[in-house]
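Quick one: dock chain against chain with the hints and give me the complex.
Chains as they are written, first to last, in our numbering: chain E, 25 to 805; chain V, 2 to 293.
Not one of these hints is a red herring.
Simulated crosslink set (SDA-like; lysine to any residue; CA at most 20 Å straight-line): (1) Lys191(V) <-> Ser724(E); (2) Lys275(V) <-> Thr669(E); (3) Lys3(V) <-> Asn312(E); (4) Lys292(V) <-> Pro242(V); (5) Lys191(V) <-> Glu83(V); (6) Lys673(E) <-> Thr276(V); (7) Lys673(E) <-> Pro100(V); (8) Lys583(E) <-> Ala610(E); (9) Lys101(V) <-> Phe725(E); (10) Lys471(E) <-> Asp417(E); (11) Lys101(V) <-> Asp121(V); (12) Lys130(E) <-> His181(E); (13) Lys275(V) <-> Gly797(E); (14) Lys412(E) <-> Glu327(E); (15) Lys191(V) <-> Ile674(E); (16) Lys462(E) <-> Arg424(E); (17) Lys3(V) <-> Glu144(E); (18) Lys236(V) <-> Ser180(V); (19) Lys673(E) <-> Asp193(V); (20) Lys191(V) <-> Thr734(E); (21) Lys801(E) <-> Thr669(E).
Bear in mind the hints are in silico, worked out from the structure with no lab data behind them.
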Amino acid sequence: MDKRLIGKRVVRNEDPRLLTGQAQYVDDVNLPNMAHAAMFRSEYAHARIRSIDVSKARAYPGVIAVYTAEDMGADCYPGPPLVSPPPTVKDVIFNSRRQVPLVKDKIRHAGEIIAVVIAETRYIAEDGLDLIEIEYEPLPVVADIEKALEPDSPLVHDDLDSNLAAHLVQKKGDYEAARASADAIIQRRFTIERGTAAAMENRGIVAQWDAKSEALTVWDTTQAPIPIRNGLAARLGLSESKVRVIAPFIGGGFGPKIMMFYSEEMLVPWLAIKLNRPVKWIEDRRENFYATTQERGQVHEVEMAFTRDGKILGIKDDFIHDTGAYDPYGLTTPLNTQSHVMGGYDIPNFTSEFRVAFTNKTIVTPMRGAGRPHGIYVIERMMDIAAKELGIDRVEIRRRNLIKPDAFPYEHGIIDQAFAPLIFDSGNYEAVLNETLKAVGYEKFIKEEQPRYRAEGRRVGIGVLPFIETTGVGPYEGARVTVEASGKIAVATGVGTQGQGHFTSFAQVVAEQLGVDVTDVRITTGDSAHFNWGTGTFASRGAVVAGNAMHAAATMVRKKILKLASKVLNAPEEELELEDGMVRVADIPQSSISLSDLAALANPLRGAVEPGTEPGLEATAYYGPQYGPTAFGVHAMIAEIDAETMMIKILRYVVTEDCGTILNPLILEGQIHGGVALGLGNAYYEKLHFDENAQLLNASFMDYLLVGSTEMPRIEVHHLETRSPLNELGTKGVGEAGAIPVPALFAQTMEDALYDYNLEIRETPLNPNRLFGIARKEKTA
Amino acid sequence: MKPAPFAYYAPTTLDEALSLLSEHGYDAKVLAGGQSLVPMMNFRIAQPAVLVDINNIPDLAYINAEEGGVRVGALTRHHQSETSPVMARHAPLIYSTMPKIAYPQVRTRGTFGGSLSHADPSAELPTLTTTLDAKFRLVSQCGERWVSAREFFLGLYTTALEPDEILIEGFVPELPPRSGWSLQEVNRRKHDFALAGVAAVLTLDESGICQDARLVFLSVGDHPMYAERASNLLKGQALTPEAIRAATELATTEEIDPGDDIHATADFRRHLAKTLCQRAIEQAHQRAQGKQ
Ligand SMILES: Cc1cc2nc3c(=O)[nH]c(=O)nc-3n(C[C@H](O)[C@H](O)[C@H](O)COP(=O)(O)OP(=O)(O)OC[C@H]3O[C@@H](n4cnc5c(N)ncnc54)[C@H](O)[C@@H]3O)c2cc1C
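Isolated chain V, as found in the complex (with noise of 0.2 Å):
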């Protein structure tokens, strides 16, 4: 389990690490945490020839409030995002999600920015940006471009970011008043990949109306997968027993597309999907009517 040869740079700017991505294109691979790269390295599932380690590039770890929401920089570790008052009070569903990241070590390493770039499908980030409809910064040589959750992960490990472009920063807004949240999965062992998992935002009118909602789902897709229509469904009503039970049904028979693997079966993620989907809409209703 030694990866295969490669050359390695450690660029000090933004400038040339773009320049050098710009230069190898397809063979380069941005080195951030490693936390998934150099595993996939040393099982030489992935042999690329160049690794542009951005990690001596100054200042691109940081979380800071700004109006209507939080900054993150690319290099912000796990740990920092756990650890962040910030984070705590601008994105609470981040920041009391990151423990379920894997385990210490690998947030000490990981980075907000590789998480999103490597777009696991069971990875916590991607379904929590996509529920709090987050948007990103890309940048390359040629330029930047400011790309939605929504609209960055496109499937298994797949993204809209080109091969010269790296991932600076992300803008996570802050929930209206009112608002709960609730991130539910379920894992074998704690430090796991979720088996299945669901991440809700509801926001309340005064007299306790839906009026915004999101449901998206982990591990249960090839990428985070929005519930669109179940999430309208929410919307303009009272979030009874029986409109929960109708939003996770929709969202759960249609919206998700699990698959099968040695740990669960479709079967099975769907029915996890759909016990989390209804425990996490009514948690978020509870957080929304300030019970919890």
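Just chain E, with the same shape it has in the complex (with noise of 0.2 Å):
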């Protein structure tokens, strides 16, 4: 019999209790005498508040109270950077500034909050909201990221010189001599605007104080229960072990759910001691699209210099990174770019600057793609000008490119997004390439189908394009595994959950340690009170991390129960086999014992735990890395255009996903599907409009165009796995992968498509609208 758990497409163990509703999300906590909280967010974008009037809102029925900046007093100060300190690299600038829980005096967003009203219902509190009163005076605002920086642009933190967030460099080998060598330079300008993530749950917490005892309990929809708790009992001045933080269920993070600390993360607990009563705030979409964090806004020129045939000698990239009105995260995204611009080709020289600046809109923080997807686009689309320009097929150009085989592991000499050497571990970049030209009939498709859609006057292009994805990042995760006297397997991590399928990929990884049926162990992810130490779910890192560590923390627990069994059967340890949740002495399958009753007697009641041991099956590990894994992958896509109407139809769309050791195909397959439906988005629907104040002019899902299942193509996803060398699994992160190709392959594919109008894409994301204006230009031009 096949023992195999990993790698099986076993479905999902959460799916019953998710479809028939039994799941536990944040608004689901409903506590006896609980008060529900409103914010007053600003209206401006910039703006200096003169006066504050909250008496009518305070007089209103139902309502309890109503905060803000002056009545928070010495409470209210900025939250904790979240990565700190900087990145030692050499004249690194980065001018930290935090939000804080209630703003006193000057609006730096809108959607900044000045006032909380709690009330009796959230109904009543959102009446007291329009009750406030609030005198503003308009400050001129920042919303291009271009001009943020020009030396005349006012300042969104008036204690700074200029808009500068951050400035770093960093190099590879030496650009200007490659320069000097190439036989053709190529240079561009491409702009990358917002999305927001649009988790289908918004953000909501809510917080018990119990005065008795002094211990504090909050339910939030975080990514980072554990670095929450902590954060919040040194803020409260609580010890940690009096602070719960349960992240339960959530409807999806994609990576806004772990800017910590958000303002009403540092409110409501605060609220709940201060009222000593239970407080709940649940954001409404219209609030996530000012206050919960986005991503993208980014503005690169770029030069590449080639040789005639196409063999890549360096880049020289220069962009600007929107951080919005404040930088809590460091600049994990734009150091994330940066260590995809060079994309998975073999590139001697590189010279990478960039400048984040301040703007007066909503805070930047990773989301799904993290800064890659904007490294990808521009490298990608590069290559498809070089390709145009120096007479090479598209898809040559970048054979010709790609990392090979034995090149592993390549490194690149600068820093990753988590501050290690950027290298790339392990990987058959060149197979993966094949496969998906293969699935997709690359070369029918160009020689026979596309000319007789051609002669039909139809407009149906090709694009097939490469992309990376570093992953699995440290600092580290733990695991606990334990046998419970049942015999089901207990198992605890720090991490959160965001509807990943954790507690199948974990438990099919826990389950082939132990011999046990993958529905025996039962997963507790993100909940402080089971499991004392972690960081998140983040940087495509669940598998890779925490995954390890419930393999280090499964193997652990295995030795022990081979040790325990083998004195028990009296058989030596190498006989033993686990196997449906028993232990037996192969070939004498009626010398065996259950797990149950080694657990019991792993826990005797009498007798004595022999010098040395522990009670119990039991073992807690963690696995931290010293850098993370990185997946490769390629996307295909085939689409037709009407050129009339700017309407799409993809008729094919391929994925070949390379992450390594997979876990689970089936749950790693819905992670790319989600993952290209973002992308989607990014390319063609989804793009936050903000105007020359900085006023988001979509904010809801009636002009926000999220793609939905009506929109999206039936994917097809193959796998290759090269082992990552790095961890025992063998798996690399793939959590992020979908999203990142699928903007810069949408540019390449509507190319192809709209052949004879000869445009160029260089932004992202486009509309109808849009692609019509750059094709007809182009072709008048």
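Below is the structure:
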């Protein structure tokens, strides 16, 4: 019998609960005497507050309290930096400015909180908001990231000389020398604009204070429950053991839910203590559009040097990154962009410089993709342009430059988002490319199908391109695995879960070691009362970092099981097998003991636990990589466009992903599908439209065109498995992969479909109107 | 996103509802499917003091064939129109367009009368009923009146309805023989309101000459835009590519008034209207010739 569980299409343990409405979300937490909070948010993006009058709101029946920054007094100070200190790169500049719970004097983006109303119901709390009167002095607005850095720009933070939040240069080789010897130099400018993650569940917090035991319990839609617990304890002057943070089931995180601390996260627990009543705040969709962090705004000026036959000699990339009004998350996103501007190519010379700009917009923190799609957009657009200018087939020019299988580990000599060296651990890039070309039928399409379409007057294009994803970064995660007296396995980890299938993929890892059924492994995630250590779910790291901690803990428990069973069954450990919840002596099936009985023996009521041993069949282990593994993939798309209406139809979508060892292909494919949906949004649908006053014009799902099932193509996923040598399981992350290459792929496909327009796409997201404009201009030009 | 306080009435007779409306005047709003009104209330864009829910009044949801057309009750859900064989037979333009309105959840609640009374210039039913020359029965405590679709839609979310009136039903005339119809629109996502759209109906005489034509646009003006001159231009013509192009040109340069927003510029909307108008006339022509 095949005992392997890792790699199997195991259906998800958590789905029955999720699908029947039995899973607990933050908004399901309803406590006796609970009060409801609603936030008064600034309508201006940049303004000084002249006066605040909350007296009418306080007098409104059903309103319990109204707080402003002044009422909060000394407790109203900024949150901690999430990533600190800045990396130790020569001449790095980093100006840390963080958000406060309630704004006192100056508003820096629309949606910042000025006051909070607490009432008996959310309805009444919102009625209270309508009664608050604020006098503002509007200030000139910093809406554009390039203008933000001009000398005469208004300042987002008056104590700084400029809106420069950060500046950092990284180099590899000697770009200028490469340039001097190049046959072709290509320069372009690319703009990438903001979208929002739009998780199905908005943020939410419920806080409960038990004055008698001085204990605080917080249910929070966070991706990082342990750091939130630690931060809250520090902020509120409580012992960490008296603060319990529970991240229950969460309807999607995608990055923004790891931002720390959101103003509301500082505010709601404080209110619960202050009022000595449980307080609930559930973000609504409109708030989400203003107050939950966003991503993607960058402008790149790029130059690449090539030889005649398409070999890349070097890249010089200069970009501005929009961090919004504050920069609590440090440099993760722009560093990630920097790490991805070289794609999966062998590039000897590289100079990358970025400046981060403060603007009067919502805070930017990583969102699924997290700077990577920008890097891939830039390099892959440049490869397409180079292919055209050098007269080389677009697949061929990529093939010539991909890192070869024998070049791993491939060391870049720069640092990545986690300040670790950027090293690509392993891969077989060309094989992934070939697999995709075969699957999508590239040759046949180009030679036979496309000419036929064109003869019929149909514009059908194909796109194919590779991408990398750096994943699974440190510092660490942990897991505790326990064989309970029932014989079932209890597992706890500090990472939170937002729908990634942790209850199944982690269970597979543990079940494989312990010879039990996947459904007999019960996982608890994201509850600080169950596991005390951890960082969170981000950077496509769950399967890599928590997964390997699970594996390590399960392996230790397995050893304990074998040791004890060997004694009980009087057989050498090598002859024991773990299967079906039993330990058996190989070939002597009648000589066996169940895990349940063994667990009871390991925790005796009489007798003694031998010195140097511990009771129970339990182990806790941690995994912390020096640097993360790098996954690789290739996406291909065939799409038709109506050049009059610019409406598209995606006819084929093929993905080949190599994320090392696959834990569960079903879950992996789900991750890719979700990622592609976001990527497609970032390519053609989902753009936050800010006007020149940094006012968001589409803060609802009526006008923010979230990609839905009706826009999604059928996705065919193929897998290659190049194990990562960095960890026991051989896994690499995949959580963000799907989103990364799509905007670049879409651009390539559209250029191919609209072949007779000879257009060049240098921006994302596009929309039909914009694409029409670009196409017509190019045609007449 | 919670509504401001309001009083809620759920009358079970039309008389009761009408008397509530006459009592509260501009403070009151009729609640039908709630698919437009409730979101506006949740955003606090609409803050009616009184809601008169008409869902408990019996016999307001029907699609009945009659001499020369079909009678549609105000509370007829979009889903009923979408699945009604009577609608399919007597008003195929409406029947076949229904799936383009929002998605099934919205169509299960949204009503015929609600969509017309709401008068969103991007909604399909106002345009379709204008194209088909429908008329609506408006009732108040003082009596009732019939208003033609062309006179009903006055502007952005504005109709001939008085605050004390309820739209009770509509009458949609059937198209004569040798008629064809088409609705063409462009939506970003399948369920979105259209960026631009147009409905066309044509009737040919026995020799294939266009006897009657109506072109009405949506999303390119503040109400359904009836291109009367372009429609007249088609009458008495053989529908050659030139004739179609000329009518399209006239309609889309002079008889629509598209606006700019984040989804499309006025120019792009005009371009779309032009492309779609041509396609609509062609498809209606095909259908009138029995080819589709
Ligand atoms: C997500 C979404 C997408 C949508 N997409 C589309 C689309 O693509 N195309 C489209 O056409 N529509 C669309 N709609 C609107 C939908 O068709 C609604 O059903 C319609 O606009 C209103 O109908 P209702 O019955 O829900 O009216 P309600 O929301 O109940 O009422 C709307 C207005 O009409 C008044 N009213 C209602 N009934 C009467 C009556 N009998 N007499 C007098 N006044 C009355 C109300 O007082 C209110 O002012 C969409 C709606 C949603 C939520």
